[in-house]
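Student: What follows is each chain in one-letter form.
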Amino acid sequence: MMTSSPQKKKGKKQPVASLFIFLAVVAALYGLAFLLAPERSIHALHFGLKMLSRLAPILMLVCLLMFLLNLFIKPDWIQKHVGHDSGLKGFLIAIVSGIISMGPIYAWYGMLKDFHKKGMRPALVAAFLYSRSVKLPLLPLMVYYFGTVYTLVLSFYLVLFSAANGLLTEWLASGKKAEIARRID
Amino acid sequence: MKEQKQKTDGNKVFESARKTVKIFGRILPNILAIIFLSGLFIEFAPIDRMTNFLGGGLLADALTGATFGSISTGNPLISYVLGGELLDQGIGLVAVTALLVSWVTVGSIQLPAEMQSFGLRFALVRNILSFIFALIIALLTFITLQALGVTLR
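Protein chains in written order, with our numbering: chain A, 943 to 1127; chain B, 675 to 827.
These are computed hints drawn from the structure, not numbers from a lab. Here the structure is a predicted model, which is why all the values come from computation and not from measurement. Hints may be right or wrong, so weigh each one.
To be verified - Below, in silico cross-link-like pairs of lysine-lysine (BS3-like), each with a Cα-Cα straight-line distance of 30 Å or less:
no., chain 1, residue 1, chain 2, residue 2
1, B, K686, A, K1059
2, A, K1077, A, K1022
3, A, K1060, A, K1022
4, B, K693, A, K1060
5, A, K992, B, K693
6, B, K686, A, K1060
7, B, K686, A, K1022
8, B, K696, A, K1022
9, A, K1031, A, K992
10, A, K1077, A, K1060
11, A, K1016, A, K1077
12, B, K696, A, K1016
13, A, K1060, A, K1016
14, A, K1016, B, K686
15, B, K696, A, K992
16, A, K1059, A, K1022
17, A, K1060, A, K1031
18, A, K1059, B, K696
19, A, K1031, A, K1059
20, B, K693, A, K1059
21, A, K1022, B, K693
22, B, K696, A, K1060
Said to hold, decoys possible - Chain B side only, calculated, beta carbon under 7 Å to chain A, not exhaustive:
no., residue
23, K693
24, E717
25, Q784
26, L785
27, M789
28, S791
Each residue gets a CB set at the ideal place from its N, CA and C atoms; glycine is no exception.
With the hints as constraints, model all of the structure from the sequences given.
Tutor: Written out as structure tokens, the structure is:
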């Protein structure tokens, strides 16, 4: 569970085999699909390979970014700027970073997990993930399909709800709700 | 002194590279799983038959739109094209907006990977909230556009 204390996570390592469970399940699904509909499953595999080749440069870019952040950004900086006491500034950093981040959402899981271990607030992890719904490069296309006003209104609500999603996720997932309820009792 | 500093810098670079490879190596199987699961999903899921399930009123349509958006994957551009087509077919703006928002905020396909990275509770809570927010944002967008006197089609 994502806890509010980064220290709690130390010493708790995921077994290597468990990292491959999801991939094994997907491989099994392909096996099943191949038995039921061989042509369509090969088509699906081709699609996956095409997607992988398209995403490879983005994944490499994320990898490079992770390397640079590991090299230059220290846990102190993370705790100060996106930690528990980062306040509004932390949300601004998380939301703006989410909006300008590229590639698929799952490419960022590794980096965010590492940041959380170093002290990033869970609310800001959730806010980052939610704000990725505002797709800057695709905004002109959204304007083309739905108009400028619709695009502006929707983008405004998505940004606003990024913060709400972050706060509520942290509140409900970290057990703070139970903590507050106990205090009231 | 200078030599020692260079050695320390070299160690830092090596340590950072080692850490990056370790973190990325741990997340890579999940990334591959999501990519190939998306291939299966796009081939087998009946997203183009969504219109069969619509037409049951504002909230029911919003729920349908959000549900389809939540189980869908792929470039958001696909959702724009689909949303535009649905609007042309007379499907309400609330349903279309719920589809667009949940498409990019709820990650059913990525859920196992998100659970492995951030924990089951965090991933579930975040995605359930994102689903609820897709409905709320769809309604708010609809109300705001009405208040501004803007119609899309």
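Student: All the hints need checking, so say for each whether the structure fits it.
Tutor: Cross-check of the supplied hints:
1. Pair hint K686 (chain B) plus K1059 (chain A) holds up; C-alpha atoms about 19 Å apart against a cutoff of 30 Å.
2. A threshold of 30 Å between alpha carbons decides the hint, and for K1077 (chain A) with K1022 (chain A) the separation of about 28 Å falls inside it, so the pair holds.
3. For the given pair, K1060 (chain A) sits about 11 Å from K1022 (chain A) by alpha-carbon distance, which is consistent with the 30 Å threshold.
4. Between K693 (chain B) and K1060 (chain A), the direct Cα distance comes to roughly 13 Å. Compliance with the 30 Å bound is thereby established for this hinted pair.
5. Among the hinted pairs, K992 (chain A) with K693 (chain B) is consistent with the structure: their alpha-carbon atoms are about 29 Å apart, no more than 30 Å.
6. With a CA separation close to 17 Å, the supplied pair K686 (chain B) and K1060 (chain A) stays within the 30 Å bound.
7. The hinted pair formed by K686 (chain B) and K1022 (chain A) meets the criterion: a straight-line CA distance of about 22 Å does not exceed 30 Å.
8. The straight-line distance between the Cα atoms of K696 (chain B) and K1022 (chain A) is roughly 25 Å, inside the 30 Å bound, and the hint therefore holds.
9. Between K1031 (chain A) and K992 (chain A) the alpha-carbon distance is near 39 Å, which puts this suggested pair outside the 30 Å criterion.
10. Annotation: proposed proximity of K1077 (chain A) to K1060 (chain A) holds, straight-line Cα distance about 28 Å (limit 30 Å).
11. Between the alpha carbons of K1016 (chain A) and K1077 (chain A) the distance comes to roughly 29 Å, so the proposed pair stays at or under 30 Å and holds.
12. Proposed proximity of K696 (chain B) and K1016 (chain A) is supported: the alpha carbons are some 18 Å apart, at most 30 Å.
13. The hinted pair formed by K1060 (chain A) and K1016 (chain A) meets the criterion: a straight-line CA distance of about 8 Å does not exceed 30 Å.
14. At roughly 12 Å between alpha-carbon atoms, K1016 (chain A) and K686 (chain B) fall within 30 Å of each other, so this suggested pair holds.
15. Taking the CA atoms of K696 (chain B) and K992 (chain A), the gap is near 26 Å; set against the 30 Å cutoff, the hint holds.
16. With a C-alpha separation of about 14 Å, the suggested pairing of K1059 (chain A) with K1022 (chain A) holds against the 30 Å cut-off.
17. With a C-alpha separation of about 18 Å, the suggested pairing of K1060 (chain A) with K1031 (chain A) holds against the 30 Å cut-off.
18. With a CA separation close to 14 Å, the supplied pair K1059 (chain A) and K696 (chain B) stays within the 30 Å bound.
19. In summary, the hint linking K1031 (chain A) to K1059 (chain A) is supported, as the alpha carbons are separated by about 20 Å, within the 30 Å threshold.
20. In summary, the hint linking K693 (chain B) to K1059 (chain A) is supported, as the alpha carbons are separated by about 13 Å, within the 30 Å threshold.
21. With a CA separation close to 22 Å, the supplied pair K1022 (chain A) and K693 (chain B) stays within the 30 Å bound.
22. For the hint pairing K696 (chain B) with K1060 (chain A), the CA-to-CA distance comes to about 16 Å; that is within 30 Å, so the pair holds.
23. The beta carbon of K693 (chain B) comes within 5 Å of a beta carbon in chain A, closer than 7 Å, and the hint placing it at the interface holds.
24. For E717 (chain B), the interface hint holds, the least distance from its beta-carbon to any beta-carbon of chain A being 4 Å, beneath 7 Å.
25. Against a cut-off of 7 Å between C-beta atoms, the interface hint on Q784 (chain B) holds, since the closest Cβ of chain A lies about 5 Å away.
26. Violation of the interface hint for L785 (chain B) is found here, the shortest Cβ-Cβ separation to chain A being roughly 10 Å, above the 7 Å cut-off.
27. Checking M789 (chain B) against chain A: minimum C-beta separation of about 9 Å lies over 7 Å; hint violated.
28. Because the closest C-beta pair between S791 (chain B) and chain A is about 4 Å apart, less than 7 Å, the hint holds.
This entry does not satisfy hints 9, 26 and 27, going by the numbered hints stated previously.
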